[in-house]
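Peer 1: This is what each chain is made of:
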Amino acid sequence: MKELDPLVFWAVFQEMLGSWLWVIIAGATIATLAFVWVLVREGGIASRRLVWSELAGLAGGVAALVIMMAVTNSRFVDLGGPIDWLLAVGIFVAGFVGTTIGVYALLGVLGIAKAPAEEDDAAAAPARTGRDAYAAR
Amino acid sequence: MPIDPKLATLGRRGLIAAAAAAGLVPAFLPRARAAAVRTKAKIVIIGAGAAGLAAANRLADRLEGAEIILLDRRREHLYQPGYTLVAAGLKPPSYTVSTTAEWLSEPVRWIEERAAEIDPVAKTVVTDTGRRLAYDFLIVAPGLELDYGAIEGMDVRRIGSNGMGSVYAGPEAAAATWRAMSAFADKGGVGLFLRPATEMKCAGAPLKYTFITDDVLRRRGNRAKAELNYFAPTRVLFSVPIVHEKVRMLFGDRDVKVNYQHTLTKLDLDRRIATFRTPDGLKEVGYDFINVVPPMKAPEVVRNSPLPWQTGPWAAEGWVDVDRHTMRHKRFPEVFAVGDVAGVPKGKTAASVKWQVPVAVDHLVADIAGTRSSESYNGYTSCPLITRIGRAMLVEFDYNDNLTPSFPGIIAPLEELWISWVMKEIALKPTYLAMLRGRA
Numbered sequence: 000m001k002e003l004d005p006l007v008f009w010a011v012f013q014e015m016l017g018s019w020l021w022v023i024i025a026g027a028t029i030a031t032l033a034f035v036w037v038l039v040r041e042g043g044i045a046s047r048r049l050v051w052s053e054l055a056g057l058a059g060g061v062a063a064l065v066i067m068m069a070v071t072n073s074r075f076v077d078l079g080g081p082i083d084w085l086l087a088v089g090i091f092v093a094g095f096v097g098t099t100i101g102v103y104a105l106l107g108v109l110g111i112a113k114a115p116a117e118e119d120d121a122a123a124a125p126a127r128t129g130r131d132a133y134a135a136r
Numbered sequence: 000m001p002i003d004p005k006l007a008t009l010g011r012r013g014l015i016a017a018a019a020a021a022g023l024v025p026a027f028l029p030r031a032r033a034a035a036v037r038t039k040a041k042i043v044i045i046g047a048g049a050a051g052l053a054a055a056n057r058l059a060d061r062l063e064g065a066e067i068i069l070l071d072r073r074r075e076h077l078y079q080p081g082y083t084l085v086a087a088g089l090k091p092p093s094y095t096v097s098t099t100a101e102w103l104s105e106p107v108r109w110i111e112e113r114a115a116e117i118d119p120v121a122k123t124v125v126t127d128t129g130r131r132l133a134y135d136f137l138i139v140a141p142g143l144e145l146d147y148g149a150i151e152g153m154d155v156r157r158i159g160s161n162g163m164g165s166v167y168a169g170p171e172a173a174a175a176t177w178r179a180m181s182a183f184a185d186k187g188g189v190g191l192f193l194r195p196a197t198e199m200k201c202a203g204a205p206l207k208y209t210f211i212t213d214d215v216l217r218r219r220g221n222r223a224k225a226e227l228n229y230f231a232p233t234r235v236l237f238s239v240p241i242v243h244e245k246v247r248m249l250f251g252d253r254d255v256k257v258n259y260q261h262t263l264t265k266l267d268l269d270r271r272i273a274t275f276r277t278p279d280g281l282k283e284v285g286y287d288f289i290n291v292v293p294p295m296k297a298p299e300v301v302r303n304s305p306l307p308w309q310t311g312p313w314a315a316e317g318w319v320d321v322d323r324h325t326m327r328h329k330r331f332p333e334v335f336a337v338g339d340v341a342g343v344p345k346g347k348t349a350a351s352v353k354w355q356v357p358v359a360v361d362h363l364v365a366d367i368a369g370t371r372s373s374e375s376y377n378g379y380t381s382c383p384l385i386t387r388i389g390r391a392m393l394v395e396f397d398y399n400d401n402l403t404p405s406f407p408g409i410i411a412p413l414e415e416l417w418i419s420w421v422m423k424e425i426a427l428k429p430t431y432l433a434m435l436r437g438r439a
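Listed in order, the protein sequences are those of chains A and B. Anchor point for the first sequence: position 3 equals 2 in numbering that gives the first Met the number 0, and the numbering is continuous, going up by one each time. Anchor point for the second sequence: position 389 equals 388 in numbering that gives the first Met the number 0, and the numbering is continuous, going up by one each time.
Any given hint could be a false lead.
[Claimed, not checked] Just some of the chain A residues that point at chain B, by a computed CB distance under 8 Å:
no.: 1; residue: Leu64
no.: 2; residue: Ile66
no.: 3; residue: Gly80
[Stated by the list, open to error] Simulated restraints, written as ranges between beta carbons of each label pair:
no.: 4; chain 1: B; residue 1: Ala223; chain 2: A; residue 2: Val70; range: 52 to 60 Å
no.: 5; chain 1: A; residue 1: Val96; chain 2: B; residue 2: Ser373; range: 56 to 64 Å
no.: 6; chain 1: B; residue 1: Ala223; chain 2: A; residue 2: Ala69; range: 28 to 36 Å
no.: 7; chain 1: B; residue 1: Ser238; chain 2: A; residue 2: Asp4; range: 49 to 57 Å
no.: 8; chain 1: B; residue 1: Ala133; chain 2: A; residue 2: Val70; range: 46 to 54 Å
no.: 9; chain 1: B; residue 1: Gly251; chain 2: A; residue 2: Val61; range: 21 to 29 Å
no.: 10; chain 1: B; residue 1: Gly408; chain 2: A; residue 2: Val96; range: 24 to 32 Å
no.: 11; chain 1: B; residue 1: Asp279; chain 2: A; residue 2: Asp4; range: 37 to 45 Å
no.: 12; chain 1: B; residue 1: Asp269; chain 2: A; residue 2: Phe8; range: 50 to 58 Å
no.: 13; chain 1: A; residue 1: Val61; chain 2: B; residue 2: Ala223; range: 52 to 60 Å
no.: 14; chain 1: A; residue 1: Glu53; chain 2: B; residue 2: Asp252; range: 36 to 44 Å
[What the hints assert, rightly or not] Pulled from the structure, derived: some chain B residues nowhere near chain A, Cβ distances all over 12 Å:
no.: 15; residue: Thr99
no.: 16; residue: Glu116
no.: 17; residue: Ala133
no.: 18; residue: Ala149
no.: 19; residue: Arg219
no.: 20; residue: Lys256
Simulated from the structure, these hints should not be mistaken for lab results. Even for Gly, the Cβ is constructed at its ideal location relative to N, Cα and C.
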């Protein structure tokens with residue numbers, strides 16, 4: 000390669016994914032915005048929900064690796080040098096983080112699996128905002 | 000020549016350049032391209048393969064008002080680097096086929112005719128319908144000719160039958176080769192692999208297919224029933240010495256027997272016998288599977304023109320006599336040759352085209368603008384050398400046989416890696432297509 004040009008990488012990703020590139024970018028943006036919105040609304044992390052999201056994240060990481068292997072006609076025994084393991088870890092981490100954020104945001108938007116303290120607060124004083132509930136803990 | 004030198008329009012590119020100068024464009028963005036050059040130059044491009052299409056689209060981007068004519072009778076566009084994957088049973092033939100029309104950008108004018116005659120003195124090209132096209136600049140990119148006829152007894156219609164395959168002949172031939180190789184991998188026997196004595200496109204492809212066949216045999220538990228033989232016309236397996244040594248070691252590891260100074264000259268397709276020319280005379284070898292790689296030469300329209308090398312080893316094969324760093328013809332300065340037809344020591348790969356085309360285009364545009372280009376092609380060639388399904392070596396090198404890794408310290412060029420295979424499988428075709436559009 001003559002030079003590593005960010006615009007070339009962008010052009011290659013466009014060819015690789017076609018309209019899926021925009022679907023993926025939109026999905027990642029929506030999930031991130033929803034995640035931030037839930038955090039702000041609730042004034043912090045709901046630990047029970049986070050644990051469930053991380054468990055889903057583990058499955059997401061494994062799924063990312065399995066999909067990558069299927070798409071590239073590869074097997075795990077094909078991993079050779081250190082860079083291969085780094086790539087595999089990177090794919091797992093991407094799947095893990097993406098799924099965790101996505102599931103956390105989804106559960107948050109649906110109001111599922113709040114922290115016990117928040118649930119108690121919510122039951123005692125339903126009119127309070129999330130931030131107030133967090134501050135009251 | 001009806002050219003308005005140094006007339007540049009301040010269009011979108013100009014605005015980007017101005018914005019960059021003003022610090023409005025983030026630093027990670029590449030430098031803005033030069034503004035489009037306004038001209039009435041007439042540019043004819045022979046061939047709508049990887050090099051011809053990439054050149055046409057780049058010129059369309061760099062010039063305003065130019066007449067850019069692309070000559071090719073074939074409507075399909077073939078992604079040739081994908082043939083190996085088709086012949087490995089991993090992709091269907093359709094993976095390699097698209098249409099020329101879908102890659103064309105305005106204002107390139109595609110004439111569905113074949114160039115039949117080139118007169119670089121009169122600066123004209125005549126097509127197979129008799130149409131005469133005058134040009135100010137000519138880009139010669141018709142690819143090359145697979146000279147199956149030079150192998151006595153060879154019949155391309157029989158590819159895929161009776162143990163004979165040939166990956167190069169086209170998408171369907173690659174699929175037929177897979178069927179023949181797969182049948183061989185089910186039974187075992189003697190497999191023959193080779194390369195021709197001529198210059199050839201992607202010199203790594205015959206090696207790759209040897210490794211792939213070895214892998215398929217192993218996966219089916221039949222490697223012990225097979226004997227694999229590789230035949231090289233010279234004393235090396237690859238023109239870059241350090242790569243030759245690595246492949247030699249890998250062939251040793253995979254139990255592939257190597258025969259140097261053997262050139263395929265004749266085939267008996269019924270009796271499955273290949274005849275090789277050796278320093279000790281002709282030698283017959285029986286086979287159960289053979290991957291025929293034909294000799295290659297420049298297309299007839301080029302060989303019959305004044306464009307090829309006049310002396311030296313490339314004169315007979317008809318490769319165009321260009322400067323190896325600018326791709327400009329040595330005797331006809333308004334003629335450039337890019338891609339397989341160019342008479343340069345390395346570079347009959349899509350990766351080479353990706354570098355050659357911007358260099359040639361920059362020199363051509365500089366001529367129009369009345370400036371000088373400093374762009375130079377260093378012989379860069381890349382070969383993701385598959386060593387088994389799931390692993391490859393990302394071999395990149397230049398005219399001087401130096402390794403030129405794109406990711407030094409990260410992706411080792413002579414290491415069998417999954418990441419190199421992943422790049423071959425999912426990144427190479429998108430990169431190629433971006434190149435066709437003039438974006439990579």
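Peer 1: All hints, please: hold or fail.
Peer 2: Status of each hint after checking the structure:
With a cut of 8 Å, the hint placing Leu64 of chain A at the interface with chain B is violated, because the nearest CB-to-CB distance is about 12 Å. Annotation: Ile66 of chain A was flagged as interfacial toward chain B, and the flag is violated, the nearest CB pair being 12 Å apart, outside 8 Å. The interface hint given for Gly80 of chain A holds, since its Cβ lies 5 Å from the closest Cβ of chain B, which is under the 8 Å cut-off. As the Cβ distance of Ala223 of chain B to Val70 of chain A is approximately 32 Å, the hint placing it in 52 to 60 Å is violated.
Remark: the range hint 56 to 64 Å for Val96 of chain A to Ser373 of chain B is contradicted by a beta-carbon distance near 44 Å. For the pair Ala223 of chain B and Ala69 of chain A, the beta carbons lie near 30 Å from each other, so the given range of 28 to 36 Å is met. Distance hint check: the CB atoms of Ser238 of chain B and Asp4 of chain A are about 29 Å apart, inconsistent with the given range 49 to 57 Å. Taking 46 to 54 Å as the suggested C-beta distance range, the pair Ala133 of chain B and Val70 of chain A conforms, at roughly 49 Å.
For the pair Gly251 of chain B and Val61 of chain A, the beta carbons lie near 38 Å from each other, so the given range of 21 to 29 Å is not met. Between Gly408 of chain B and Val96 of chain A the C-beta distance comes to about 26 Å, which sits within the given range of 24 to 32 Å. Range check, Asp279 of chain B to Asp4 of chain A: Cβ separation about 52 Å, and the 37 to 45 Å hint is violated. Restraint check, Asp269 of chain B to Phe8 of chain A: a C-beta distance of roughly 52 Å satisfies the suggested window 50 to 58 Å.
Between Val61 of chain A and Ala223 of chain B the beta carbons are some 36 Å apart, a value that contradicts the proposed interval 52 to 60 Å. With their beta carbons about 43 Å apart, Glu53 of chain A and Asp252 of chain B fall inside the hinted range of 36 to 44 Å. Every beta carbon of chain A lies more than 12 Å from that of Thr99 of chain B, the smallest distance being close to 17 Å; the non-interface claim holds. No beta-carbon of chain A comes within 12 Å of the beta-carbon of Glu116 of chain B; the shortest separation is about 35 Å.
Distance check on Ala133 of chain B: its Cβ is at least 34 Å (rounded) from any Cβ of chain A, clearing the 12 Å threshold; non-interface status holds. Under the 12 Å C-beta cut-off, the non-interface status given to Ala149 of chain B relative to chain A holds; the minimum distance is some 35 Å. Every CB of chain A is more than 12 Å from the CB of Arg219 of chain B (nearest about 15 Å), matching its label as outside the interface. Every Cβ of chain A is farther than 12 Å from the Cβ of Lys256 of chain B; the closest lies at roughly 25 Å, confirming the non-interface assignment.
Violated hints, in rising order: 1, 2, 4, 5, 7, 9, 11, 13; the structure is consistent with all others.
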